Amino acid sequence: TQLLEQSPQFLSIQEGENLTVYCNSSSVFSSLQWYRQEPGEGPVLLVTVVTGGEVKKLKRLTFQFGDARKDSSLHITAAQPGDTGLYLCAGVGGTSYGKLTFGQGTILTVHP
Amino acid sequence: NAGVMQNPRHLVRRRGQEARLRCSPMKGHSHVYWYRQLPEEGLKFMVYLQKENIIDESGMPKERFSAEFPKEGPSILRIQQVVRGDSAAYFCASSPGRQDTQYFGPGTRLTVL
Numbered sequence: 001t002q003l004l005e006q007s008p009q010f011l012s013i014q015e016g017e018n019l020t021v022y023c024n025s026s027s028v029f030s031s032l033q034w035y036r037q038e039p040g041e042g043p044v045l046l047v048t049v050v051t052g053g054e055v056k057k058l059k060r061l062t063f064q065f066g067d068a069r070k071d072s073s074l075h076i077t078a079a080q081p082g083d084t085g086l087y088l089c090a091g092v093g094g095t096s097y098g099k100l101t102f103g104q105g106t107i108l109t110v111h112p
Numbered sequence: 001n002a003g004v005m006q007n008p009r010h011l012v013r014r015r016g017q018e019a020r021l022r023c024s025p026m027k028g029h030s031h032v033y034w035y036r037q038l039p040e041e042g043l044k045f046m047v048y049l050q051k052e053n054i055i056d057e058s059g060m061p062k063e064r065f066s067a068e069f070p071k072e073g074p075s076i077l078r079i080q081q082v083v084r085g086d087s088a089a090y091f092c093a094s095s096p097g098r099q100d101t102q103y104f105g106p107g108t109r110l111t112v113l
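Chains as they are written, first to last, in this note's numbering: chain A, 1 to 112; chain B, 1 to 113.
For reference, chain B alone in the conformation it holds in the complex (with noise of 0.2 Å):
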């Protein structure tokens, strides 16, 4: 049974460049949670979402970040006009119910020149 899955697992983008990451929950798993980690600090909420739903967007950012969880496919949160403050570790998380345990994906590192 493959673990929560992420991609790409390293990207760098310029300034003003547009980044999108992937998150493909377990197998069974409707639920997904994105976090972000500043580097040597704990990990802060982002958004939860249900299939086609976002249940919780409180932890986002106002302007450029999105974040979708369709019928068919994985998750994806986008970030337009990255900045250098965007650079951190982006965890996905996925559970099979809203109060069960949340497993976690290897994280996608975004670096921005």
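Isolated chain A (complex conformation) (with noise of 0.2 Å):
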């Protein structure tokens, strides 16, 4: 059974603050996605990593796929209010076909 350990559960910071959140599995998967999900919505796609060492930004937003593509982070510059969700990272592929592993998600507050 593949895994992922998201971490931290929880993180509640102050606008403007940086912040990174880790996804870590024993399993190598195909691609590594991260996912964002607002209250009473399904997980939108926020970026796919494909190659291991890869390094993906979106704004203020930079994510990474570890070389041995076991394991991921999403680190946020300057975090603002609007950040405030929940993060999903997802596995694709590995002993998985077809399906998505996610992890057990961060829930993110940014204070004003």
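Worth flagging that the hints you see were computed from the coordinates, not collected in a lab.
One or more of the hints may lead you astray.
Unchecked claim - Chain B regions said to be covered by chain A (calculated; three or more residues, Cβ under 8 Å):
no., segment
1, 33-41
2, 45-57
3, 94-108
Fair warning: this is a prediction, and the values are worked out from it, not measured in the lab.
Glycine is no exception: its CB is placed at the ideal position from the N, C-alpha and C atoms.
Can you join these two chains into the complex? Each is in its own frame, and there are hints to help.
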């Protein structure tokens, strides 16, 4: 069974601070995705990282895929209240061909 | 191009009743996935279907749960004799192919009284 450990589970910070969310596994995935979910809605894909060591940037968000394709991180610079939400990492492929394996999620609250 | 549609958005059932959740995939998508989300948790895979076929049901509880994706019409997730522990948000996702990006619907929030 493939597992993704996501940390921290809760993060409460002030506007302007930086933060990093981690996603770790003992399994190799063909790619890893990061989603953001608003209350009452479904997850919305932010990014897919495919190559080991890959770094992708989306405005103030930086996503990194580990060299061994077992872990990933999401770094937010100068967080804004609008960044508040649930962030989910999900592994694609590996032994779970076709389905996504999700981490437990990180609930981020950015206070003005 | 309409996204993945799920209905109803909210469903209330009493213990012992049946719940039917519907999912219409995006146009051109023939692969459907169902996931369940408990409060403040990540999503757990339930079942993966392609038109008229169940590809992977490794995440489905052994009893009371079933899913179908007929040749015509939406995919249906059916829960018989619901219990309080079935209360959760159920999400459907669709993709054009097996390894393609999955697009999620808004979910159905099931509450069992």
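Inset, instruction - Would you pick out the hints that fail for this structure and give their numbers low to high? - result: Per hint list: zero violations.
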